[in-house]
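S.K.: The lines below spell out each chain.
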Amino acid sequence: MSLFTISGSPHVHSDNSTKKLMYNVIYAMIPAILISVYFFGMDAARVILISVIASLLFEYLIQKYLIKGPATITDGSAIITGVLLAFNVPSDLPTIIVVIGAFVAIAIGKMSFGGLGKNIFNPALVGRVFLLISFPVQMTRWPIPKPLFAQGLTDAITGPTPLGALKEELKKGDTVQQIMDNGVTFIENGKQVVYHIPSYMDSLLGDMGGSLGEISAIAILIGAIYMLLKKVITWEIPTAYIGSVIIFSGILWMVDPAHYVNPLFHLLTGGLMLGAFFMATDMVTSPMSPKGQLIFGLGAGILTVLIRIFGAYPEGVSFAILIMNAFVPLIDLGFKPKRFGEIVKK
Amino acid sequence: MLKTFKLGGIHPAENKLSKDSPIEILPVPKRVAVPVGQHLGAPAVPLVKKGDTVKVGQLIAKSGGFISANVHSPVSGKVFKLDNVIDASGYRRQAVIIDVEGDEWEDSIDRSTEIKKEIILDRKSIINRLNEMGIVGLGGATFPSHVKLMVPDGKKAEVLIINGVECEPYLTSDHRLMLERGEEVLIGTKILMKGLGVNKAMVGIENNRPDAIKLMTELAKDYEGISVYGLIVKYPQGAEKQLIKALIDREVPSGKLPIEVGAVVNNAGTAFAVYEAVQKNKPLIERVVTLTGKSVKKPSNFQVRIGTPVADLVEAAGGLPEDTGKVIGGGPMMGKALYSLDVPVVKGTSGILIMPDEESHREEVGNCIRCGKCITVCPMGLEPWLLEKVVMHEDFERAEKERIMDCIECGSCHYTCPANRELLDYLRLGKGTVGKIMRTRKK
Numbered sequence: 027m028s029l030f031t032i033s034g035s036p037h038v039h040s041d042n043s044t045k046k047l048m049y050n051v052i053y054a055m056i057p058a059i060l061i062s063v064y065f066f067g068m069d070a071a072r073v074i075l076i077s078v079i080a081s082l083l084f085e086y087l088i089q090k091y092l093i094k095g096p097a098t099i100t101d102g103s104a105i106i107t108g109v110l111l112a113f114n115v116p117s118d119l120p121t122i123i124v125v126i127g128a129f130v131a132i133a134i135g136k137m138s139f140g141g142l143g144k145n146i147f148n149p150a151l152v153g154r155v156f157l158l159i160s161f162p163v164q165m166t167r168w169p170i171p172k173p174l175f176a177q178g179l180t181d182a183i184t185g186p187t188p189l190g191a192l193k194e195e196l197k198k199g200d201t202v203q204q205i206m207d208n209g210v211t212f213i214e215n216g217k218q219v220v221y222h223i224p225s226y227m228d229s230l231l232g233d234m235g236g237s238l239g240e241i242s243a244i245a246i247l248i249g250a251i252y253m254l255l256k257k258v259i260t261w262e263i264p265t266a267y268i269g270s271v272i273i274f275s276g277i278l279w280m281v282d283p284a285h286y287v288n289p290l291f292h293l294l295t296g297g298l299m300l301g302a303f304f305m306a307t308d309m310v311t312s313p314m315s316p317k318g319q320l321i322f323g324l325g326a327g328i329l330t331v332l333i334r335i336f337g338a339y340p341e342g343v344s345f346a347i348l349i350m351n352a353f354v355p356l357i358d359l360g361f362k363p364k365r366f367g368e369i370v371k372k
Numbered sequence: 289m290l291k292t293f294k295l296g297g298i299h300p301a302e303n304k305l306s307k308d309s310p311i312e313i314l315p316v317p318k319r320v321a322v323p324v325g326q327h328l329g330a331p332a333v334p335l336v337k338k339g340d341t342v343k344v345g346q347l348i349a350k351s352g353g354f355i356s357a358n359v360h361s362p363v364s365g366k367v368f369k370l371d372n373v374i375d376a377s378g379y380r381r382q383a384v385i386i387d388v389e390g391d392e393w394e395d396s397i398d399r400s401t402e403i404k405k406e407i408i409l410d411r412k413s414i415i416n417r418l419n420e421m422g423i424v425g426l427g428g429a430t431f432p433s434h435v436k437l438m439v440p441d442g443k444k445a446e447v448l449i450i451n452g453v454e455c456e457p458y459l460t461s462d463h464r465l466m467l468e469r470g471e472e473v474l475i476g477t478k479i480l481m482k483g484l485g486v487n488k489a490m491v492g493i494e495n496n497r498p499d500a501i502k503l504m505t506e507l508a509k510d511y512e513g514i515s516v517y518g519l520i521v522k523y524p525q526g527a528e529k530q531l532i533k534a535l536i537d538r539e540v541p542s543g544k545l546p547i548e549v550g551a552v553v554n555n556a557g558t559a560f561a562v563y564e565a566v567q568k569n570k571p572l573i574e575r576v577v578t579l580t581g582k583s584v585k586k587p588s589n590f591q592v593r594i595g596t597p598v599a600d601l602v603e604a605a606g607g608l609p610e611d612t613g614k615v616i617g618g619g620p621m622m623g624k625a626l627y628s629l630d631v632p633v634v635k636g637t638s639g640i641l642i643m644p645d646e647e648s649h650r651e652e653v654g655n656c657i658r659c660g661k662c663i664t665v666c667p668m669g670l671e672p673w674l675l676e677k678v679v680m681h682e683d684f685e686r687a688e689k690e691r692i693m694d695c696i697e698c699g700s701c702h703y704t705c706p707a708n709r710e711l712l713d714y715l716r717l718g719k720g721t722v723g724k725i726m727r728t729r730k731k
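Taken in sequence, the protein lines are chains A and B.
Per the numbering used here, the very first residue in the first sequence carries number 27; after that it's consecutive.
Per the numbering used here, the very first residue in the second sequence carries number 289; after that it's consecutive.
Hints listed in this document are in silico derivations from the structure and should not be mistaken for laboratory results.
Among the clues, some could well be false.
[Stated by the list, open to error] Calculated lysine-lysine pairs in the DSS-like style (CA-CA distance at most 30 Å, straight line):
(1) A:Lys-362 x B:Lys-522
(2) A:Lys-46 x B:Lys-294
(3) B:Lys-405 x A:Lys-317
Given the structure is predicted, the values throughout are model-derived calculations rather than measurements.
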């Protein structure tokens, strides 16, 4: 008599897998990768490649020699961390600094907690913030985007980000309107350079200074739609995040348009789009229930605007998400899904 | 408009391979093993001993308590012995093993094929008759049917729900029964309505079976108070609480029975058995069983005597496929894996599913990536990932607080988990322990 396999039900499984989820995120990042190479050239490709390879290597080594578990690098999560870290740094960042960032992201941000699924903070953001604090000069020099096939458009090699320029000038007492009209003057290599705040169309497409993956809202949106269709992410976090940024910055703008820039500017510049769709939605470090996700997005949105307007840094997306990551266990505890047959207290 | 339940749910591949195979009567086997506990509640007490001769339909084990059911002999012949066997629901139970001789039926049973519409019995006699005939829920839970009709004091039944959903992939026994014996199913429904004292019944059928919906709707025109509803295909719609939610939009409160919201649910197959018991005086000695699987030569629906070895069904469907890895009693979502083909079919066996070896093994388990899909699909609004964790840590107090006892073990979480985590295994473990703790607390 042949013996049959015995196991508990269910005896069938969906075709979901961790690997599939992770690779769908990777596919969703392709448009932003292409745009970054288009605007920043081979330097962007270098940073992305180095970051991915270093992330994979560190995860492999730690998993093999410290955790002594089965190899996990094929699940795709280290590639995501690598690409996201690269997306969050300037395209001319020296290779060694990229490697250090990848080490901090993987070793401290992820593996020290036990690997995939166990980390509290988004690993790529841990790496990014570490670099920002450790290498403030290199991390805040933004190469001027130079489309691949265009030649010699500008003398400058680096310039500010729109958010950075705005914040500096506002501190000097200019109004938003003046800055938008006249641009920002700064000295580079002894020469005076005028930096013009990019038009909305430019920032939508990605023709502006910034970290290499955050510049094009369009590329990020294409990826986001793909992830939504593939059910890798849900609408709650991005909607709550972006919505609260619009509302909160909108209130300030309506109160005093001379000193607070409009919500559209907040939306299209800096890392908001990248953060809202690719980093705040990281399933490992965000709440599990839809209600919790709305709270998470709301908190991240308010913190982002607070840091951008009142904080020391021109950009607050990374910090906002990391701070909200810390609240996730609490949010999960407080916001339970709707139970079936719950007796509603009258 | 099509109805469905709101919270959670999944849509596994339907694989209704046997939906076009008419019900075939399987020949009486040479030997049957009839467990005395085929139902929820106390096992029945055997009335026969080794060497006794029995007729088809003769009472061989008497109901052993309030929640219990009679067991009748499905064959005629000689009692070989009383022994413990593992049945097709996976449990080891005492069983009466009978060597078949001829096919001699009790005289009281009406074996004609004539359809009897007129319901003569009154409410009380209907309940007594179901008790006498050993009728239990045939959907799988095997709750004694007469108990369901006894509405507790202070509660009021408003509607009878007939479950024709059969949301488990592969299974088609209820589908075929409705197509071929729809008239009887509706008369059974009428009997149940009378037994329950309600004048409204709703039949729920998922809309991947348009033929059954059409036929039943047509037939139901002659039966006052019965209406047929098409439902959006979604698992686990055949679960009692989900079906009630889908049809009358009421939620059975946590830890309570459907009667709390005025509903009583019975399976379509049960309605047929009720018809036979009341109109034909026939005890529950046969049922329709689907024998199916991707490699099975002839996926079939058989009318079989209770106690027939699963091997007989497999043989009749073209033999055991070479690539067989797993044999499941029931459907792929909630069925139990069987260790052998020698186990007997019992009252709760709606199907036998034969899985090829390549589909019989679980994938490697990975870390939880907190994707939250288990929460999204849970029809009870639980957090399977969290329950898994607290059960692993043996924090049963927390498990109870997180309402582990609400789990209906539908397996949607386990099915969906991208990390292949064995969520339902832990949930079952936790339910067992929490249940024990709760019972000791009551004492």
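S.K.: All hints are to be evaluated individually against the structure, with a verdict given for each.
M.R.: Quick rundown of the hints versus the structure:
1. As the CA atoms of Lys-362 (chain A) and Lys-522 (chain B) are separated by approximately 24 Å, the hinted pair is consistent with the 30 Å bound.
2. As the CA atoms of Lys-46 (chain A) and Lys-294 (chain B) are separated by approximately 27 Å, the hinted pair is consistent with the 30 Å bound.
3. As the CA atoms of Lys-405 (chain B) and Lys-317 (chain A) are separated by approximately 53 Å, the hinted pair breaks the 30 Å bound.
Checked against the numbered hints given earlier, the structure breaks only hint 3 and satisfies all the rest.
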